[in-house]
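Novice: Given next are the chains, with one letter for each unit.
Number of protein chains: 2
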Amino acid sequence: VKNYPGLKVALVGATGMVGREFLPLLEKTKLPIGSFYPFSSGTRRQTILFRGKKLPAPGVDFKTLASCELVFFASADEVSKKFAPRLARAGVWVIDDSSAFRLDRNVPIVIPEVNGDRIRPSHRILAGPNCTITGLAVAGALLHRKIGVKEVRLASYQAVSGAGKDALLEFFSQLGAVSASLKKDFSIAPALPKLASRALPRQIALNVIPQVGGFDREGNCGEENKVASELRKIWAAPGLKISSTTVRVPVVRGHSLAVWLTLSKAKPLSAIRAILNRTPGVSVKGGMDYPTPLDCAGKGGVSVGRLRLGATSKEICLWIVSDNLLKGAALNSLQTAEYLWRRGWLKARP
Amino acid sequence: VKNYPGLKVALVGATGMVGREFLPLLEKTKLPIGSFYPFSSGTRRQTILFRGKKLPAPGVDFKTLASCELVFFASADEVSKKFAPRLARAGVWVIDDSSAFRLDRNVPIVIPEVNGDRIRPSHRILAGPNCTITGLAVAGALLHRKIGVKEVRLASYQAVSGAGKDALLEFFSQLGAVSASLKKDFSIAPALPKLASRALPRQIALNVIPQVGGFDREGNCGEENKVASELRKIWAAPGLKISSTTVRVPVVRGHSLAVWLTLSKAKPLSAIRAILNRTPGVSVKGGMDYPTPLDCAGKGGVSVGRLRLGATSKEICLWIVSDNLLKGAALNSLQTAEYLWRRGWLKARP
Numbered sequence: 029v030k031n032y033p034g035l036k037v038a039l040v041g042a043t044g045m046v047g048r049e050f051l052p053l054l055e056k057t058k059l060p061i062g063s064f065y066p067f068s069s070g071t072r073r074q075t076i077l078f079r080g081k082k083l084p085a086p087g088v089d090f091k092t093l094a095s096c097e098l099v100f101f102a103s104a105d106e107v108s109k110k111f112a113p114r115l116a117r118a119g120v121w122v123i124d125d126s127s128a129f130r131l132d133r134n135v136p137i138v139i140p141e142v143n144g145d146r147i148r149p150s151h152r153i154l155a156g157p158n159c160t161i162t163g164l165a166v167a168g169a170l171l172h173r174k175i176g177v178k179e180v181r182l183a184s185y186q187a188v189s190g191a192g193k194d195a196l197l198e199f200f201s202q203l204g205a206v207s208a209s210l211k212k213d214f215s216i217a218p219a220l221p222k223l224a225s226r227a228l229p230r231q232i233a234l235n236v237i238p239q240v241g242g243f244d245r246e247g248n249c250g251e252e253n254k255v256a257s258e259l260r261k262i263w264a265a266p267g268l269k270i271s272s273t274t275v276r277v278p279v280v281r282g283h284s285l286a287v288w289l290t291l292s293k294a295k296p297l298s299a300i301r302a303i304l305n306r307t308p309g310v311s312v313k314g315g316m317d318y319p320t321p322l323d324c325a326g327k328g329g330v331s332v333g334r335l336r337l338g339a340t341s342k343e344i345c346l347w348i349v350s351d352n353l354l355k356g357a358a359l360n361s362l363q364t365a366e367y368l369w370r371r372g373w374l375k376a377r378p
Numbered sequence: 029v030k031n032y033p034g035l036k037v038a039l040v041g042a043t044g045m046v047g048r049e050f051l052p053l054l055e056k057t058k059l060p061i062g063s064f065y066p067f068s069s070g071t072r073r074q075t076i077l078f079r080g081k082k083l084p085a086p087g088v089d090f091k092t093l094a095s096c097e098l099v100f101f102a103s104a105d106e107v108s109k110k111f112a113p114r115l116a117r118a119g120v121w122v123i124d125d126s127s128a129f130r131l132d133r134n135v136p137i138v139i140p141e142v143n144g145d146r147i148r149p150s151h152r153i154l155a156g157p158n159c160t161i162t163g164l165a166v167a168g169a170l171l172h173r174k175i176g177v178k179e180v181r182l183a184s185y186q187a188v189s190g191a192g193k194d195a196l197l198e199f200f201s202q203l204g205a206v207s208a209s210l211k212k213d214f215s216i217a218p219a220l221p222k223l224a225s226r227a228l229p230r231q232i233a234l235n236v237i238p239q240v241g242g243f244d245r246e247g248n249c250g251e252e253n254k255v256a257s258e259l260r261k262i263w264a265a266p267g268l269k270i271s272s273t274t275v276r277v278p279v280v281r282g283h284s285l286a287v288w289l290t291l292s293k294a295k296p297l298s299a300i301r302a303i304l305n306r307t308p309g310v311s312v313k314g315g316m317d318y319p320t321p322l323d324c325a326g327k328g329g330v331s332v333g334r335l336r337l338g339a340t341s342k343e344i345c346l347w348i349v350s351d352n353l354l355k356g357a358a359l360n361s362l363q364t365a366e367y368l369w370r371r372g373w374l375k376a377r378p
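As they're listed, the protein sequences go chains B and Y.
The number in our numbering is simply the position in the first sequence, starting from 1, with 28 added.
The number in our numbering is simply the position in the second sequence, starting from 1, with 28 added.
Be aware that a few hints might be false.
Identical chains blur together in the list; that is why a pair holds if it fits in one copy or across any two.
Here are the simulated lysine-lysine pairs, DSS-like style, with alpha carbons at most 25 Å apart [stated by the list, open to error]:
1. K269 <-> K178
2. K110 <-> K342
3. K313 <-> K222
4. K82 <-> K212
5. K193 <-> K82
6. K58 <-> K81
7. K193 <-> K211
8. K342 <-> K269
Don't read these hints as lab results, they were simulated from the structure.
Whenever a hint applies, use it, and build me the whole structure from the sequences.
Specialist: Pasting the structure below:
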C-alpha cells in the first residue's frame, strides 16, 4: 500500500516469525499508515499479504527506509546494526525488536505501559525487550514501583517459535517422526525416537532443553544474561538481584515463567493481588484457574496466575504467560509506535 | 516363577506404569528371588513377562502376599492402605511406592544412598519418595550434610508418565492429532489444535500445565506440598524453607528440576562441585554439557548440570534430571530391598 497521505512505515523482516505477526496488527492499528513497505531480510524473493493485496517483500533498500517516518526491525541483530544508526541520523524513528541496541546507554528498552515515560523526543532508536523477560517486566512493574522488588528468581518454559523459523520447522518435523513412531508402537512404554537437531542444541520433541543461547564463563547462557540486564534496565533497578534458568520446551508459542519475587516489604497476598489487578497490560487469574501457553497463544496481554506466598518472608510466587511473538515482540513494537503517535512525536513529514 | 528356594516376592501393580519398569530390574537383581507373584491392582485379567515366561497378574490375593517376605506396592494409595498394615503385622517387608504412608511418623521415606541408615530392623513399611523430589533429595543430600541447605526454590518440568497410563495415552492421542493437523498446515504459523483432556487438567501436547494434583487454600497444588514435606523428612530438616512450582510438560519420561539452594555457608563453586562429584547416585555434567529428560529416560541415576552461583550470597543453581519411573519409583524401591538384604534384615523364611 503506497503513496497515500499518512505515515510512511517500513517493516524489515516482514516474512519472518515476528514479521508475519506484525501484518494483521498493522492492518488494525489506529496509526494512520499511508504507505507501507515490507522488506525481507533475506535475499529470496518473497511476498506478503497486506490489506488484501499481495505485496513484494524485497531485500532491504536503504533509500526507501530513509524516506519513511517509522521503520520496524524484526530480524537479526546484524540487520539492525547495519541500518538503524543511519536511519536515526536521518531522523527516522526506529523500533527494533532485535537485541542489537538494548544495552546501548542512549537507547531505552521500551514497554509503553511500563516505561513509556523513558522516551525522549530526541530519541530515534527504541528497543523492544527480549521476549522472555517481557512477561515479568510487565507483570511486576507496579509491584516494583509500589513496594520494590529486591530479588528475582525465574525458571522459563520457552516456546520454540522464540528460536525462529528453522527451529520451529525442526520441531514440527520431529513431531511428525514421533507420531509415526507412536503409530507403530502405541503403548505405555513406546520407543522414544532420537532425532537429529540442527537449529536447536538438542532434540526438542518429547524433551526440554535448559539452554537458550551460548554459555559464558560463569555457566550462564545468553538468554539468562539478557533477562537480567534487560529487567534491570527496564525497571531502572541497577541493584536488582536476578537469577534465571531458561529452558526451551516443546510448545509452539507462549513463554511461561515460574517466578519468585522478594519484595522490600512484607505485604498480605490480598494487597499484592490488588496491585496486580491494577497493573496495566496484565490479566490476573484467581482461584483454581491459571494461564497456559496454549490459552495465551495469539493473545495480546500478559496473563498471571498461581499467586502464592513464597517460603521466606516478603517473598511471592507467580506464574506468568505471554505470547512471545506478540507482547514479546510485534505487538509491543506497535504499541510503542502508537505511544509515539499519541505523544505527537511521530508525524507524517510534510 | 514359583516354588524355588529363595525369597518369596510379590509386586502389586505389576501391569502399571511403574510395575512394568520393575520387571527387568527384578530379573537382573542380585536378590535371590525364589518365587515371584505379580498382581494387577485392577480387575482386568492381565499377564506379564518375567524371565521369559508369561505369568498371570491376577487381582490382589492377601493370603499370597502374606506368605511372601517382601511385597512391593506400585499402585494407588488406596491399595497400599488396604493391605500394607496387615502385611506389616504379619512380618512382611512392604516397600511402598504410593504416597499412602510417606508422612506416617512410623514409616521412613527411604532413598538408600541418602538415608538408608534411617531404617530400623523393626520397621516393616518403607515408603519410596515422590518422583519429583527424588532428584533433588539425592543430588543435594551431601551438600545438605556437609554445608547445610537453608532454603530451596524449585520449578519442575515433569514428564507425563508421572501422571499414569491414562494421561500418557491421552498425550499420545493428542500428539497424533497435532501431527495430522501439521500435515495439512505445515507452516511457521499453523493452526494449534485444541484437544479434549480428561486425564490431565489441560491439553498437554504443545502446552505446559502449572498444576500437578489438586489445589489447597494457600494456592499450592498437591505435588508442591509433597515436595516440601517429603524433602524435609528425607533430609531430616524440619526447618527447611522450600517453595516450588510444579509443572507438567510434554515429555514422556524424565523429571527435570530448575533448583536454587541457599546454603548455610558461602562456598566456592569448585567446592560445591567436589561435593556433588562425591555424592552417591549422582553424575555431574560440566562445561557446556547438561542432562535432558530424553538422555536420562531409561537410565538409573540422577544427573546434574548447569551448576552456577545464584544472585544472592550462599546461593547456587542446579539443573537436575532423573527418570521418574526408575530412580523416582521402581529402581529406588528395588535398591531399598537390596539394602535390607545386605543388612541381613530381609531373609527367606525357613
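Novice: Compare the structure with each hint and give your call.
Specialist: Results of checking the hints against the structure:
1. For the homomeric pair K269 and K178, the shortest alpha-carbon distances inside one copy (6 Å) and between copies (19 Å) are both at most 25 Å.
2. For a Cα distance limit of 25 Å, the shortest separation of K110 from K342 qualifies neither inside one copy, at 46 Å, nor across copies, at 43 Å.
3. Proximity of K313 and K222 under a CA criterion of 25 Å is satisfied inter-copy only: 20 Å between copies versus 38 Å inside one chain copy.
4. Taking the shortest alpha-carbon separations for K82 and K212, only the inter-copy value of 23 Å comes in at or below 25 Å, while the best intra-copy value is 43 Å.
5. Taking the shortest alpha-carbon separations for K193 and K82, only the intra-copy value of 22 Å comes in at or below 25 Å, while the best inter-copy value is 49 Å.
6. For a Cα distance limit of 25 Å, the shortest separation of K58 from K81 inside one copy, 19 Å, qualifies, whereas the shortest one across copies, 73 Å, does not.
7. Taking the closest pair of Cα atoms, K193 and K211 come within 25 Å of each other only across two copies (17 Å); inside a single copy the shortest separation is 27 Å, beyond that limit.
8. Taking identical chains as interchangeable, the C-alpha atoms of K342 and K269 lie at most 25 Å apart whether they share a chain (15 Å) or sit on different chains (13 Å).
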